[in-house]
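Asks: Please arrange chain G on chain V, whose structure you already have, making use of the hints.
2 protein chains.
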Amino acid sequence: MAQLRIALAQMNPSVGDLDGNAERLIAWTRDAADRGAHLVVFTEMFLTGYPVEDLVLRTSFVDASIRTLEEVARRLEREGLGDLPVVVGYVDRAGLAPRVGQPKGAPLDAAALLHKGEVVTRTAKHHLPNYGVFDEYRYFVRGDRLPIFRLHGVDVAIAVCEDLWQEGGPVAVVGQAGAGLLISPNASPYEKEKDDVRLELCARRAREAGCALVYVNQVGGQDELVFDGDSIVVDASGELVARAGQFREELLTVDLELPVSDAEPGFFPYDAGDGSTITVERLVLSPDPVEPYEPAPATIAEHLDLHGEVYAALVLAVRDYVAKNGFQSVILGLSGGIDSALTATIASDAIGPSRVNVVLMPSRYSSDHSLADAEELVRRQGVNSRIAPIADIVDAFEKEIELSGLAAENLQARVRGMILMGLSNQHGHLVLTTGNKSELATGYSTLYGDSAGGFAPIKDVPKTMVWELSRWRNANSLPQFLLDAKTPIPENSITKEPSAELRPDQRDTDSLPPYEILDRLLDDYVEKDMGSKELIAAGHDPELVTRVIRLVDLAEYKRRQYPPGPKITPKNFGRDRRLPITNRWRETTD
Amino acid sequence: MAQLRIALAQMNPSVGDLDGNAERLIAWTRDAADRGAHLVVFTEMFLTGYPVEDLVLRTSFVDASIRTLEEVARRLEREGLGDLPVVVGYVDRAGLAPRVGQPKGAPLDAAALLHKGEVVTRTAKHHLPNYGVFDEYRYFVRGDRLPIFRLHGVDVAIAVCEDLWQEGGPVAVVGQAGAGLLISPNASPYEKEKDDVRLELCARRAREAGCALVYVNQVGGQDELVFDGDSIVVDASGELVARAGQFREELLTVDLELPVSDAEPGFFPYDAGDGSTITVERLVLSPDPVEPYEPAPATIAEHLDLHGEVYAALVLAVRDYVAKNGFQSVILGLSGGIDSALTATIASDAIGPSRVNVVLMPSRYSSDHSLADAEELVRRQGVNSRIAPIADIVDAFEKEIELSGLAAENLQARVRGMILMGLSNQHGHLVLTTGNKSELATGYSTLYGDSAGGFAPIKDVPKTMVWELSRWRNANSLPQFLLDAKTPIPENSITKEPSAELRPDQRDTDSLPPYEILDRLLDDYVEKDMGSKELIAAGHDPELVTRVIRLVDLAEYKRRQYPPGPKITPKNFGRDRRLPITNRWRETTD
Chain V
19 MAQLRIALAQ MNPSVGDLDG NAERLIAWTR DAADRGAHLV VFTEMFLTGY
69 PVEDLVLRTS FVDASIRTLE EVARRLEREG LGDLPVVVGY VDRAGLAPRV
119 GQPKGAPLDA AALLHKGEVV TRTAKHHLPN YGVFDEYRYF VRGDRLPIFR
169 LHGVDVAIAV CEDLWQEGGP VAVVGQAGAG LLISPNASPY EKEKDDVRLE
219 LCARRAREAG CALVYVNQVG GQDELVFDGD SIVVDASGEL VARAGQFREE
269 LLTVDLELPV SDAEPGFFPY DAGDGSTITV ERLVLSPDPV EPYEPAPATI
319 AEHLDLHGEV YAALVLAVRD YVAKNGFQSV ILGLSGGIDS ALTATIASDA
369 IGPSRVNVVL MPSRYSSDHS LADAEELVRR QGVNSRIAPI ADIVDAFEKE
419 IELSGLAAEN LQARVRGMIL MGLSNQHGHL VLTTGNKSEL ATGYSTLYGD
469 SAGGFAPIKD VPKTMVWELS RWRNANSLPQ FLLDAKTPIP ENSITKEPSA
519 ELRPDQRDTD SLPPYEILDR LLDDYVEKDM GSKELIAAGH DPELVTRVIR
569 LVDLAEYKRR QYPPGPKITP KNFGRDRRLP ITNRWRETTD
Chain G
19 MAQLRIALAQ MNPSVGDLDG NAERLIAWTR DAADRGAHLV VFTEMFLTGY
69 PVEDLVLRTS FVDASIRTLE EVARRLEREG LGDLPVVVGY VDRAGLAPRV
119 GQPKGAPLDA AALLHKGEVV TRTAKHHLPN YGVFDEYRYF VRGDRLPIFR
169 LHGVDVAIAV CEDLWQEGGP VAVVGQAGAG LLISPNASPY EKEKDDVRLE
219 LCARRAREAG CALVYVNQVG GQDELVFDGD SIVVDASGEL VARAGQFREE
269 LLTVDLELPV SDAEPGFFPY DAGDGSTITV ERLVLSPDPV EPYEPAPATI
319 AEHLDLHGEV YAALVLAVRD YVAKNGFQSV ILGLSGGIDS ALTATIASDA
369 IGPSRVNVVL MPSRYSSDHS LADAEELVRR QGVNSRIAPI ADIVDAFEKE
419 IELSGLAAEN LQARVRGMIL MGLSNQHGHL VLTTGNKSEL ATGYSTLYGD
469 SAGGFAPIKD VPKTMVWELS RWRNANSLPQ FLLDAKTPIP ENSITKEPSA
519 ELRPDQRDTD SLPPYEILDR LLDDYVEKDM GSKELIAAGH DPELVTRVIR
569 LVDLAEYKRR QYPPGPKITP KNFGRDRRLP ITNRWRETTD
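Each protein sequence line maps, in turn, to chains V and G.
If you count the first sequence from 1, position 396 lands on 414 in my numbering, and the numbers rise without skipping.
If you count the second sequence from 1, position 30 lands on 48 in my numbering, and the numbers rise without skipping.
Just chain V, with the same shape it has in the complex (with noise of 0.2 Å):
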């Protein structure tokens, strides 16, 4: 056996900023030189970040690619960390000929093995996800090659991310062809209690493969993504032996003993058990073990419950949008009701409230309470806020045009939307929409009202769920909240009962069911895509299944028109589920 120190990078990469991405590489590769470690392993298109969508169309970007990770080698070998083997992802090229339906240029997901200021060797992604928010047909080719180098008498096999995910392909290779250890860099999105899935199926794929894996996950938010970590390492029998941390950026090293090989070099052939043929490429960086040194104790980090877990999801979203996008601060909508508030407090954990400004927008059908427990969030957290009612606006629009009802209604949502926007393009604010899932699902919301802004926070969060994060939040803190106050939702936004207060004494249970029995129709309807006679079959009540699939039908194009939010379910509103406008199909009960 041969001893190795492993060192994870699982960091928050930034979409395009090649260089600065290069730059913290550097860094950190030097820190994990301090740490002793003998190999570095960044994430899936870690120079690039991830996803770049049709950037990797571009001739000119893929080149730059490339360019950078020729870069990062020479200037890794300048700055005296050459002989620390790293193995980073990038975006590559095939060299293939142009045909129909190959995406232009053939760009490949690759990593590469950088050492002594050499690109040592290169792989690439060999099963492409085209499912939930992953379209990877549509921008990349598939790599046939399976990289197995030597460190320190260990043979280490690289295979990207969804290669981990499906059968066949590199792992199946690397159980052919024996390796000591896998290491695997992932770009691999947060979903609810996606971290139980994930340790499962990388204790399974080092048992297929019959030697320890090492899974380095992306941390931060990328537009509708966020990457939650939670890096992993398993030994060959599939324990867990160290792990990451979540929504939080960490160079996680781990002592591991592995076996000695001393197998040819070469290139060698493999059915890879999925009707494609991989070519392993065997190649020695050093081949005798390291001198035993006394291991370090592996960490293993402690897992957040499930609404710390979203709750700290949804607070790295927000700070990663706003600091990407290079806003400074943010606008919302306060109105005293729980989602609002619970908007605010994400963004006041996120980018700490001194950079949140609230506006106040009482209308004539505002109860007073509303302004009080909006008041009150300002007072508990420090947030900036301002009050600009809306009455004498909507006055001077209703005497140009004569509405009532629903328009009346949306009026008032608008107004306060086009405040919000005029702030925003007048000091530079992000605009934060406040809606929730349900909402969004149901089309309870106003175009262009409530739904105008940049960023939605809880867009994918059903609103019995925001009640629960409200009460977390109230009762729990992490260390990377930027607010420090205890209790900052107050208690009244929290009990109170929901109301959009557009009309006099309006309630939410007006137009829809109470959300306990809507949360759970719309998880079986939406997540599960139950159809009408299986609603019904599960205990739904009938009337309310057809009332409820025809407002979420309806709801398509509002839906299509909100801003950006953070995924947290397996469904999202944004890249998960795509329906037609245009469209005649209704479940039917009969």
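The set of hints was computed from the structure by calculation and includes no laboratory data.
Keep in mind the model is a prediction, meaning the values are calculated, not measured.
Among these hints, one or two may not hold up.
Treat identical chains as interchangeable: a pair holds within one or across any two.
[As the list claims (entries may be wrong)] Below, a list of computed lysine-lysine pairs in the BS3-like style, where the Cα atoms sit at most 25 Å apart:
| # | residue 1 | residue 2 |
| --- | --- | --- |
| 1 | Lys-210 | Lys-122 |
| 2 | Lys-122 | Lys-546 |
| 3 | Lys-417 | Lys-212 |
| 4 | Lys-122 | Lys-551 |
| 5 | Lys-122 | Lys-417 |
| 6 | Lys-122 | Lys-212 |
| 7 | Lys-576 | Lys-546 |
| 8 | Lys-589 | Lys-122 |
Replies: Structure of chain G alone, referenced to chain V:
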């Protein structure tokens, strides 16, 4: 040789309207029978409409598609049409065990042969397009069969849409197996000048398959896609035999003389030349040729020129978006400028001027000619109009919040957007937005202002083409246009200098280069994906290149919030081009 009369049903299905599509299939089959056809061919996924996006992931939807197909077969028989074979597209399922990365339920983009009340055989698309507007790896698994049925002595093969576009697969197998005729149901969306590409493709594939080819394409608008019809028949040498019109429904019949076959029925595996095996299923409907008859002369529809083609596409897109979404009328703001003038004209041509409502919303910065030009258009077209000055509403806002510069300009655009949305909510009109592609590309529009609405007819039309289309329409008409007016667009709207009129003496050229220069640069950057170095090498001004690239890249968020509109170019800003919002990558000129 044997004769066959084939009916090509170039129709406009509605997505999700299975019963309605089935009803019309019966009616058109009756027409085809009346015309003495021996075979009727409907388009790809005709029964469900195309594209249906995530609907195919619903079990209940796929069930309904299969059930509808079987009902249609029985109903054709009941109505005395059972002897006439019908080929029609629908959605089926492959019956595969679930696995990671496979679309839920393993749906198939299928086509079936109906005869004597039965579904005689089923096949499915083999090549799944996953580029441009297509996401079919997300939705379908691939078919691996090629039915060849003997019809009055002639062997007829069926291959769906994309199977014509890619190398290898069913067409290659037809060439090996031998057939007398290849029929292909399609849903191939319009792009300018695609008709030329399509004819050339059909000719080439006919020669490869060694037989005549019948290409039947969908017509109609579906969200952002417009299908142009343009169904084609070529003989085995690739010569054009018959061609249907563009942008209109048509039951085209054609008489062909085709080779007789006596090949054995059964199942035969073939190497498809793309790494897969395709099973040919040979079956016999009717072994003997029909009695000789006098063939009718074939019709080759005259083709529209570029501007006629684009304009007809926009008209059809608006008509179908309005009708298929259940609207009765549209509303738009009429400024006196060319964009809103052209949009109003398209709307009048699509649904008739009596269902078009325009609102004139002068501000303190509107010039005299603006109102006069708008009123002149109202007079020429007979659309419904009203005036709603915005100054008092703007004042009411400015009493609550202090706005200056761009923020104040945006406010005016938003007040107009809110007036239109208010009237839309009150009266049920669909709001049409009037922005063009040059504005959309550079972000020269106001979020929730001029971009507020339900459909954006000219969002994929560059400004220079807005002028060209306006001139074309003033000089031309087509039978399908509902507006009866000579020169419907006031000349002054076409010739005057463009201005947003949001501040005194504003001109578009204050913020943007002249449109002739801008549009050429946008075409090279957006459509051709050229990098900054290539753009400069192509003769664009370096400073302008940097500026425009920055404008385009930063406008990604605005474009995402824009309403859908008909796709006209290869790279529209709807389904075709997807960049991250959070993105630090900028083309540089160094």
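Asks: If a hint holds in the structure, say so; if it doesn't, say that too.
Replies: Going down the list of hints, with the structure as the test:
{"no.": "1", "hint": "Lys-210 / Lys-122", "verdict": "between (35 Å within a copy, 20 Å between copies)"}
{"no.": "2", "hint": "Lys-122 / Lys-546", "verdict": "between (35 Å within a copy, 11 Å between copies)"}
{"no.": "3", "hint": "Lys-417 / Lys-212", "verdict": "neither (54 Å within a copy, 50 Å between copies)"}
{"no.": "4", "hint": "Lys-122 / Lys-551", "verdict": "between (44 Å within a copy, 18 Å between copies)"}
{"no.": "5", "hint": "Lys-122 / Lys-417", "verdict": "neither (55 Å within a copy, 53 Å between copies)"}
{"no.": "6", "hint": "Lys-122 / Lys-212", "verdict": "between (33 Å within a copy, 19 Å between copies)"}
{"no.": "7", "hint": "Lys-576 / Lys-546", "verdict": "within (22 Å within a copy, 32 Å between copies)"}
{"no.": "8", "hint": "Lys-589 / Lys-122", "verdict": "between (29 Å within a copy, 13 Å between copies)"}
Violated hints for the displayed structure, listed by number in ascending order: 3, 5.
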